[in-house]
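Novice: Use the sequences and the hints to build the structure in full.
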Amino acid sequence: MRKRVSKARHKTTRASKKSPSRRKEKKEHTKAEILGAALELFRTKGVEYTTAKEIATKAGIAEGTFFNYFPTKEDLALYFFEKGIDDLIRWYDGQQSLKQAPIEEKLFAIINRQLEQLEPYEAFIGSVFFRSLQPRSKLNASSFASQENRVRYLRFIDGLLQEAVKRREIPDVGRLGSYGVGLYYMGIVTFWLYDTSKDKQKTLALLDRSLVVATRFLRKGGWEWR
Amino acid sequence: MKTPEANRWKRAARMTKLSAGVLGSNVGYLVGNLFTSATRRSVRRAAMQTRNAQRIRRELQELRGPAMKLGQVLSMQSHLLDEKAIEELANLQMHAPPMHPTLMRVQFRKEIGSDPEEIFAEFEPEPFAAASLGQVHRAVTRGGQRVAVKIQYPAVREIIEGDFQTLSQVMLPASIMRVIPQSLIDELRRGILLECDYRNEARNIEQFGKAMKRLSFVEIPNTFPDLCTERVLTMSFLKGKHVDEFLRTKPSQEVRDRLGRHFLELFCFQAYRMHLIHADPHPGNYLLSAHIGMVDFGCVKKLNNEVVQCIRNFSLELWQENEGVYRSMLNTICGPGVSPNDPGPRRTLDEMIRVYRHIYRENGEPTDFGDVKIFQEMSRLYKLFLSSKFLPPEFLFYSRAEMGLYLMLHRLGARIPAYQVATDAMKCFDSPKGHPGKELKS
Chain A
1 MRKRVSKARH KTTRASKKSP SRRKEKKEHT KAEILGAALE LFRTKGVEYT TAKEIATKAG
61 IAEGTFFNYF PTKEDLALYF FEKGIDDLIR WYDGQQSLKQ APIEEKLFAI INRQLEQLEP
121 YEAFIGSVFF RSLQPRSKLN ASSFASQENR VRYLRFIDGL LQEAVKRREI PDVGRLGSYG
181 VGLYYMGIVT FWLYDTSKDK QKTLALLDRS LVVATRFLRK GGWEWR
Chain B
1 MKTPEANRWK RAARMTKLSA GVLGSNVGYL VGNLFTSATR RSVRRAAMQT RNAQRIRREL
61 QELRGPAMKL GQVLSMQSHL LDEKAIEELA NLQMHAPPMH PTLMRVQFRK EIGSDPEEIF
121 AEFEPEPFAA ASLGQVHRAV TRGGQRVAVK IQYPAVREII EGDFQTLSQV MLPASIMRVI
181 PQSLIDELRR GILLECDYRN EARNIEQFGK AMKRLSFVEI PNTFPDLCTE RVLTMSFLKG
241 KHVDEFLRTK PSQEVRDRLG RHFLELFCFQ AYRMHLIHAD PHPGNYLLSA HIGMVDFGCV
301 KKLNNEVVQC IRNFSLELWQ ENEGVYRSML NTICGPGVSP NDPGPRRTLD EMIRVYRHIY
361 RENGEPTDFG DVKIFQEMSR LYKLFLSSKF LPPEFLFYSR AEMGLYLMLH RLGARIPAYQ
421 VATDAMKCFD SPKGHPGKEL KS
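Protein sequences, first through last, are from chains A and B. Per the working numbering, residue 1 is the first one in the first sequence, and the count goes up by one each step. Per the working numbering, residue 1 is the first one in the second sequence, and the count goes up by one each step.
Because the hints were derived from the structure by calculation, they are not lab data. Glycine residues also receive a C-beta, built at the ideal position from the N, C-alpha and C atoms. Treat the hints with caution; some may be incorrect.
Keeping only pairs whose Cα atoms sit at most 25 angstroms apart, straight-line, the calculated DSS-like set for lysine-lysine is [stated by the list, open to error]:
#1 B:LYS110 with A:LYS198
#2 A:LYS45 with A:LYS73
#3 B:LYS110 with A:LYS99
If you only want the chain B side, here are some residues facing chain A, beta carbon under 10 angstroms, derived [claimed, not checked]:
#4 ARG109
#5 GLU111
#6 TYR153
#7 ARG157
#8 ARG411
Specialist: Take a look at the structure:
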């Protein structure tokens with residue numbers, strides 16, 4: 001693992017002299033390596049017992065480099081979510097049959113996909129999730145740092161809802177719809193974190209059940225005062 | 001999009017709402033007359049109206065979990081409801097709202113590790129049948145075998161546990177009054193929870209399949225152990241039609257009689273040879289063709305040897321010469337604490353003898369099970385049993401299975417010399433290899 005990394009680094013060091021885009025690519029690669037190493041350690045050792053040094057060693061970089069990329073655990077989490085959204089969008093693009101499904105099934109599939117992404121890292125998510133509720137946290141919904149992820153996610157959901165509008169499944173609820181889905185997702189994640197049932201079966205049932213209500217809401221076009 | 005509501009309070013509210021009106025008697029029936037005759041009166045009144053029956057079905061269907069199970073049991077209890085209601089509830093057996101394909105795939109993937117489309121050569125995303133705790137899909141394995149894949153709804157176990165908690169809270173005053181023995185509730189709870197684990201069902205299928213090789217007229221599916229987990233069950237696909245569908249093909253009286261005879265033999269074989277009873281004998285669990293196909297082995301009850309022996313002796317009319325047999329039967333029905341001179345229990349038993357002699361005629365005359373009167377008599381007797389406060393849970397399952405048998409015979413309109421068939425079957429099953437087909441001309 002380490003060998004492969006250092007080789008790659010060797011290659012890109014030479015490359016970086018050539019073009020700035022290569023440099024960016026390399027940077028991205030290192031970030032992904034670090035995230036991979038960190039998540040692997042979180043999963044096997046637990047979040048509390050993993051040190052920055054261990055992550056750096058596993059990723060084949062210096063500890064200082066690690067802090068360059070991710071000054072805090074929250075930065076790591078932000079990056080994790082960013083990758084998650086990448087994955088989600090890519091995944092959805094490949095789901096041809098899902099694109100024909102009704103809106104509630106789409107939302108179910110998407111949220112379930114997100115939960116599946118989170119599943120191996122439940123402890124990590126748990127530890128950053130509640131921190132995100134603090135106003136000064138970088139993960140907080142109103143923080144500058146989290147806006148990019150947020151906007152991308154909302155845009156993605158908005159795209160879905162617009163598709164449904166085009167298919168006359170729901171009336172146009174404007175931006176409100178995607179905000180609503182975002183909030184709903186947060187609620188589901190909270191429940192998920194507390195869910196002790198085997199294989200998170202209760203979350204699945206809640207998701208399925210509550211989506212009926214949520215889509216009924218969407219179909220009606222939200223509140224009167226809209 | 002309807003999974004069982006995981007929100008316990010919402011379910012509780014719903015169940016209470018229903019139980020106030022209708023479900024009460026149903027729950028009550030199951031747990032041994034929890035709610036007494038006052039509600040039963042309202043049940044009758046409520047069930048008279050078709051609209052009401054539809055409402056019950058809709059409500060139960062929405063709940064989809066154990067409440068649906070109760071509905072199914074209720075649909076077998078013709079003595080509690082009128083025809084319309086029974087029809088509605090019977091629909092429940094086959095038309096529960098399905099999970100949408102994505103949810104179904106998630107459930108499958110969580111158990112097996114990949115999507116069903118990757119595991120099977122062919123897989124129909126639309127379920128063809130609803131089971132009480134899951135739904136069943138047609139598929140073809142990579143080896144080319146046609147199979148039925150049963151996939152459980154999410155969080156069924158959790159919901160059932162919640163429901164029983166609610167139930168025992170609601171029932172607390174009743175149990176203080178010692179109206180229902182806790183043992184009965186526990187038994188029921190245990191039974192339903194066991195049903196949530198499909199691995200248990202897979203084991204039952206194997207056991208039945210092995211034992212029933214002797215009966216040429218019965219078909220039991222094979223399981224595919226690699227594709228059987230807690231929430232997914234894969235078994236070979238049985239051909240055949242549900243009883244109503246079967247009757248629509250207008251089978252001759254002879255065919256119906258033969259099937260009826262086989263059903264009775266099948267029952268005797270389970271009770272007296274296997275000492276294991278398929279305790280969920282609602283008509284949807286049998287597929288009829290030239291054979292009887294049995295599906296859904298979730299609820300299988302092991303009968304205690306003594307109980308079996310006692311019922312057997314009694315059925316062979318040994319009670320006529322032997323007061324001991326009579327007394328042991330009394331104890332089986334009314335609990336060990338009953339005094340043999342107590343007139344109440346004796347009346348129950350005498351009534352039972354009267355009804356049974358009417359159905360199981362010694363002179364070899366066939367009994368017409370299609371006759372409503374016979375069925376009503378049986379139902380009344382059954383109700384009488386259930387009003388016994390000390391009914392042992394074991395006997396509850398036995399009578400439930402027996403009632404299922406009569407319901408089936410009634411629907412088939414079978415005319416069979418029941419006494420002869422039953423005693424022949426009992427005797428030939430005593431030997432390890434005896435086969436009732438050998439004595440029968442069919």
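Novice: None of the hints should be skipped; say for each whether it holds.
Specialist: Comparing the hints with the structure gives:
1. B:LYS110 with A:LYS198: Since the Cα atoms of LYS110 of chain B and LYS198 of chain A sit roughly 11 angstroms apart, the hinted pair holds (cutoff 25 angstroms).
2. A:LYS45 with A:LYS73: holds (16 angstroms)
3. B:LYS110 with A:LYS99: holds (23 angstroms)
4. ARG109: Holds. Min distance 9 angstroms.
5. GLU111: This hint holds: GLU111 of chain B lies near chain A, its Cβ roughly 8 angstroms from the closest one there, short of 10 angstroms.
6. TYR153: Holds: closest Cβ of chain A sits about 8 angstroms from TYR153 of chain B, inside 10 angstroms.
7. ARG157: Result: holds, 7 angstroms to nearest chain A Cβ.
8. ARG411: violated (35 angstroms)
In this structure, the one hint that does not hold is number 8.
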